[in-house]
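Use these hints to put chain B onto chain A, whose structure you have.
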Amino acid sequence: MTPQGFLTITDLSAGYGTTRVLDRLDLAIVKGEFVALLGSSGCGKTTLLRAIAGFVKPSAGSISVNGTDVTRQPPDKRGMALVFQSYALWPHMTVAQNIGYGLKLRGRSKAEIARRVGELEDLLGLAGLGQRKPGALSGGQRQRVALGRALAIDPQILLLDEPLSNLDARIRLKVRHDISALQKRLGITAVHVTHDREEAMVMADRIVILDRGRIAQQGTPQALYNRPASPFVAAFMGAENRIDLTGRIIADRVEIAAGPNNAPADLPRDGRPLADGPLEARFRAEAAAIVAGESDGNPARDALDLPGRIEAASYPGGAWRHSVRVGDEVLLVDSPTPFALGAAVRIRIPAEALFLFVRQSNPADPEGSLSDGTTGRVLEASET
Amino acid sequence: MPRRLLGLLLVLPALTVILFLFVLPLTLSVVGAFETEAGYGLGNFTKSFALYSSDILFTVVIVSLSTCLIGLFSIAIGGYLTLGENPRAVAILRWLYRWPLFIPFIVVGQVLRTFLAKNGLMNNILVGAGLITPLQAVSFLDWRGIVIAFVWKQTPFVTLLLAGAMASVDRGTIEAARNLGASRLRILIEILVPQVATTLMVGLVLSFVTMMSVLSVPLMINAQSPTMLTADIAFRINAYGDYGVANALGLISLAATACVAWFYLRQSMRERG
Chain A
1 MTPQGFLTIT
11 DLSAGYGTTR
21 VLDRLDLAIV
31 KGEFVALLGS
41 SGCGKTTLLR
51 AIAGFVKPSA
61 GSISVNGTDV
71 TRQPPDKRGM
81 ALVFQSYALW
91 PHMTVAQNIG
101 YGLKLRGRSK
111 AEIARRVGEL
121 EDLLGLAGLG
131 QRKPGALSGG
141 QRQRVALGRA
151 LAIDPQILLL
161 DEPLSNLDAR
171 IRLKVRHDIS
181 ALQKRLGITA
191 VHVTHDREEA
201 MVMADRIVIL
211 DRGRIAQQGT
221 PQALYNRPAS
231 PFVAAFMGAE
241 NRIDLTGRII
251 ADRVEIAAGP
261 NNAPADLPRD
271 GRPLADGPLE
281 ARFRAEAAAI
291 VAGESDGNPA
301 RDALDLPGRI
311 EAASYPGGAW
321 RHSVRVGDEV
331 LLVDSPTPFA
341 LGAAVRIRIP
351 AEALFLFVRQ
361 SNPADPEGSL
371 SDGTTGRVLE
381 ASET
Chain B
1 MPRRLLGLLL
11 VLPALTVILF
21 LFVLPLTLSV
31 VGAFETEAGY
41 GLGNFTKSFA
51 LYSSDILFTV
61 VIVSLSTCLI
71 GLFSIAIGGY
81 LTLGENPRAV
91 AILRWLYRWP
101 LFIPFIVVGQ
111 VLRTFLAKNG
121 LMNNILVGAG
131 LITPLQAVSF
141 LDWRGIVIAF
151 VWKQTPFVTL
161 LLAGAMASVD
171 RGTIEAARNL
181 GASRLRILIE
191 ILVPQVATTL
201 MVGLVLSFVT
211 MMSVLSVPLM
221 INAQSPTMLT
231 ADIAFRINAY
241 GDYGVANALG
251 LISLAATACV
261 AWFYLRQSMR
271 ERG
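Sequences listed follow chains A and B, in order.
Per the working numbering, the first sequence starts with residue 1, numbered consecutively.
Per the working numbering, the second sequence starts with residue 1, numbered consecutively.
I should point out that these hints are in silico values taken from the structure, not numbers from a laboratory.
Check the hints yourself; a few may be wrong.
Ranges of calculated distance between the beta carbons of each label pair, as one might list FRET restraints [claimed, not checked]: (1) A:Pro-350 / B:Gly-181: 50 to 56 Å; (2) A:Gly-125 / B:Asp-170: 20 to 26 Å; (3) A:Gly-125 / B:Val-202: 49 to 55 Å; (4) A:Pro-91 / B:Gln-224: 44 to 50 Å; (5) A:Ser-109 / B:Gln-110: 56 to 62 Å.
For the chain A half of the interface with chain B, some residues (derived, Cβ under 10 Å), not all of them [stated by the list, open to error]: (6) Gly-54; (7) Val-65; (8) Thr-68; (9) Val-70; (10) Arg-78; (11) Ala-81; (12) Ser-86; (13) Tyr-101; (14) Ile-113; (15) Ala-150; (16) Leu-159; (17) Ala-257; (18) Pro-350; (19) Glu-352.
A quick note: this is a predicted structure, and the numbers were derived from the prediction, not measured.
Built from N, CA and C at the ideal position, the CB exists for glycine as well.
The shape of chain A in the complex, shown without the other chains:
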């Protein structure tokens, strides 16, 4: 983590009543960076954004912008503009009035407001719509008006609270690129809250994954996608398939013992903080392959084989997605060609696509908590 950020959040805690939503959170964002706060509902991402904006009073910690502490400052003194999930446009004002309101509050002249509003309308593709009321606009247009209203006051920091969640899937794809292109062009610092992984990946320079008020992991989209530091992050980044394994560390290799659901394997350790004993493996449906036939019993090198049986197949586009029963688990795996229902197959997961973690707590295995604080170390290791 960079010690000196443009927007620095230190030891921030916040909550509603007795519920603690943010738990001693630290985050530093550099100037011009686009950071996505990613998490499931209730993880605290919107609370964090509203605390940055000044609508949630933190119970502890501080927020500073460019070295100035703004923790106790009112929302409008922070040099930030917030784009709301519902857009929150004023229905009784025209598009031009909505965009120009912040300038009107700052006492700018009518001519200056008109000039700036015109600029923003051109920039956002709203030319000719200035005299319409928000009610007469499409969802995408409303979203752009909300963006224009926020940008009109030249904020140092742009805060986006799930601004795309109310848009049609197709428009969403376009607006994603529009917003990140605009952000790059204006060189503005942006914090974007979303629960959509793909949206965060496409738009952000850095993704911060939140889990129960803490940062689970942060890094570039590639780093999070390819090297998740915990099962939670792996699952959030799309590695939903989970299988329990038992492993032994030998130098820089991990030897996976044959189990009820898996063939033996010899995998690279790849610098991961693993230990002897129960492991949790996760992988993505599209990163594995299906191979026909039974295993020969020899340990596979740099790949893990899971014998199973095809239960169902569907075609969502691009590849066939199979439900494969492996022991008690049903795993989803893609394959370019369909397999017959009931066929005995092996799921082959290449080592680089298999995320391994020390299994933390398993109800079936009470002594399984081999390492405590491992996750903590993993987090530190990844926060470079």
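Then chain B, alone, in the frame of chain A:
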């Protein structure tokens, strides 16, 4: 029995009630307004204007002034309930402001009569506090008393409607304005009130109509001339049995309320269009 007849039969009781208790009396009094001893004509109206034109003006001015004040107070109270940042003050105000809703007009008249009189509670308090001398004490039992009674009684009603509408306004629209640096007063005037303008208009029109029809308050507080049309109508009927002029005065009040209703309809049509 055919279905259509059955349906008609089901509606019949309600229809009868409306016809006999509402449409018929209204028609009779409208017709009665034009009925004079010398047949149908405008005699009742010329008499009404000759005798009561100052009362007509008085009524319209009093009720309009009260409506304006009610609007201002209900915006202030509703605004504080919505934008207030001190939760305890908001809770207390929310609990307090509704009380007058549960007090009938006649009791309001009674209470204010003892409160506003020359030797009433208000002046006693002011004298006791040394703010005025007993000689300076004046009675408020005139047009001011009526306005105070109307505003006191009707503000909670409009506030109730308005606060509900304000509470259902998207909080984001308020926060967006705060985010851009709008003060609470500006948010109230420029963001909140325009979004609840229709509700405010409905509340004020309903209050206007209610106040036009109150008899007890002018009778109890303003026993002098000029007074309100309701008192005149009661007087024409009770003292003279003169239903013709009473009906004409009734029709004039109806015209006044119809003006307000028309104004409201035009406004809401324009907003929709």
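Margin query: Is the interface hint satisfied for A:Ala-257? The criterion is a beta-carbon contact with chain B at less than 10 Å.
Written below: Violated. Min distance 55 Å.
Margin query: So, as I understand it, the hint says A:Thr-68 touches chain B; can you test that by seeing if any CB pair is closer than 10 Å?
Written below: Where the cut-off is 10 Å and the nearest Cβ of chain B is about 17 Å from A:Thr-68, the hint is violated.
Item checked: Hint status (Cβ of A:Pro-350 to nearest Cβ of chain B, threshold 10 Å) -> Because about 47 Å separates A:Pro-350 from the closest Cβ in chain B, which is outside the 10 Å limit, the hint is violated.
Notebook entry, point to check: Is 56 to 62 Å a correct range for the gap between the Cβ atoms of A:Ser-109 and B:Gln-110?
Noted result: With a Cβ separation near 57 Å, A:Ser-109 and B:Gln-110 satisfy 56 to 62 Å, so the hint holds.
Item checked: Interface hint outcome for A:Gly-54 [beta carbon to chain B under 10 Å] -> holds (8 Å)
Check: Does A:Leu-159 pass the interface check with chain B, least Cβ-Cβ distance below 10 Å?
Finding: Holds. Min distance 9 Å.
Margin query: Does the closest beta carbon of chain B sit nearer than 10 Å to the beta carbon of A:Val-70?
Written below: violated (13 Å)
Item checked: Closest C-beta approach of A:Ile-113 to chain B relative to 10 Å, hint status -> violated (13 Å)
Note to self: Quick check on A:Tyr-101 please, does its C-beta sit within 10 Å of some C-beta on chain B?
What the structure shows: holds (6 Å)
Checklist line | Hint validity - A:Arg-78 Cβ closer than 10 Å to any chain B Cβ | finding: holds (9 Å)
Item checked: Restraint satisfaction for A:Val-65 [CB to CB of chain B, less than 10 Å] -> violated (15 Å)
Check: In this structure, is the beta-carbon distance linking A:Pro-350 and B:Gly-181 contained in 50 to 56 Å?
Finding: For B:Gly-181 against A:Pro-350, whose Cβ atoms are near 55 Å apart, the range 50 to 56 Å holds.
The earlier numbered hints that this structure contradicts are 3, 7, 8, 9, 14, 17, 18 and 19.
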